[in-house]
Amino acid sequence: MTTETIPAPRSAYTPPKKRRVNWEKWGWLYMRISGLFLVVLIFGHLFVNLVAGNGVRAIDFAFVAGKLADPFWVVWDTLLLWLALIHGANGMRTITNDYAHNRTLRRLILLAILVSTVILLVLGTLVIYTFDPCPANAAAGTLPSFCPVK
Amino acid sequence: MPENSAGTLAPPPAAKLNIKPPRIAGTLYRGREGMWSWVLHRITGIAIYFFLLVHILDTSIVRISPQAYNGVIEQYKTPIMGLGELALVIAIGYHALNGLRIILIDFWSVGARHQRLMFVIVILLWIVLIAGFAPTQIHNIILEAQGHASAS
Chain A
1 MTTETIPAPR
11 SAYTPPKKRR
21 VNWEKWGWLY
31 MRISGLFLVV
41 LIFGHLFVNL
51 VAGNGVRAID
61 FAFVAGKLAD
71 PFWVVWDTLL
81 LWLALIHGAN
91 GMRTITNDYA
101 HNRTLRRLIL
111 LAILVSTVIL
121 LVLGTLVIYT
131 FDPCPANAAA
141 GTLPSFCPVK
Chain B
1 MPENSAGTLA
11 PPPAAKLNIK
21 PPRIAGTLYR
31 GREGMWSWVL
41 HRITGIAIYF
51 FLLVHILDTS
61 IVRISPQAYN
71 GVIEQYKTPI
81 MGLGELALVI
91 AIGYHALNGL
101 RIILIDFWSV
111 GARHQRLMFV
121 IVILLWIVLI
131 AGFAPTQIHN
141 IILEAQGHAS
151 AS
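Protein chains in written order, with this note's numbering: chain A, 1 to 150; chain B, 1 to 152.
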């Protein structure tokens with residue numbers, strides 16, 4: 001019987017790297033989960049705004065005020081805003097990474113996407129939660145019927 | 001390929017999955033339905049994204065004043081924008097249906113095997129959706145235009 005000798009490894013032992021969060025995986029998962037919610041949220045939004053009643057003809061300030069006076073639509077629109085804009089921004093990020101080969105240009109586009117997304121999320125959320133359905137500066141005949149008569 | 005030779009070899013995976021030996025074999029995302037569904041998904045996605053940016057801004061005008069918002073939303077009722085909304089719904093319809101197909105490909109155990117059939121179903125449902133929405137929207141565009149014509 002011969003004794004087998006095992007050659008020394010070519011590289012020294014290195015401790016395993018600290019596991020990082022796999023952001024691409026979570027982004028991938030987010031697109032699918034938010035997508036499922038968005039199918040319901042967007043088709044519901046489109047039906048109420050473009051199909052039911054007089055469709056697009058019915059939309060004016062009073063229509064929006066009537067919706068946003070209802071907590072149901074406040075929650076609906078908040079979910080719509082956040083899920084859709086982040087879904088869209090992440091999609092644009094993917095497309096940017098695919099086609100913008102110039103490093104500086106790519107970083108610039110990604111930054112623009114991030115900044116516009118944050119600004120629009122803050123703006124949209126503020127609009128939904130600071131909205132006044134019966135503002136004092138309203139012109140005659142623009143307010144919803146539930147507002148107190150001046 | 002000696003496909004009819006005596007069965008000494010196990011059938012190749014392609015035959016097992018009932019895929020004809022194509023020009024570009026064994027890929028989901030290159031050529032034919034797999035690729036074109038992906039191309040259309042990107043194009044509709046980009047279009048919807050840019051509409052969303054504008055739509056958040058125009059809706060934010062409700063916070064300025066009722067008359068400012070009404071002035072902007074009137075633009076959404078013109079015939080050209082009415083057709084734009086139809087195009088938007090068509091784009092969203094495809095993106096939503098194909099998105100569900102992508103989810104089934106990724107999470108359903110036999111999803112990838114049926115991706116071509118699911119693409120056909122997506123296109124058929126898309127046509128049904130367009131056929132359902134287009135008459136309503138065109139009807140509203142015409143009524144809105146007539147309302148403006150009689151008012152002026």
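Incorrect hints may appear among the rest.
[What the hints assert, rightly or not] Some chain A residues close to chain B (C-beta under 8 Å, calculated; not the full set):
1) Y30
2) R32
3) V48
4) L50
5) V51
6) G66
7) R93
8) T96
9) V122
10) L123
11) A138
12) A139
Read the hints as simulated data drawn from the structure, not as lab findings. Think of the CB as a built atom: it goes at the ideal place given N, C-alpha and C, for glycine as much as any other residue.
Hints versus structure:
no., hint, result
1, Y30, "12 Å, violated"
2, R32, "5 Å, holds"
3, V48, "13 Å, violated"
4, L50, "6 Å, holds"
5, V51, "6 Å, holds"
6, G66, "12 Å, violated"
7, R93, "11 Å, violated"
8, T96, "11 Å, violated"
9, V122, "11 Å, violated"
10, L123, "6 Å, holds"
11, A138, "5 Å, holds"
12, A139, "4 Å, holds"
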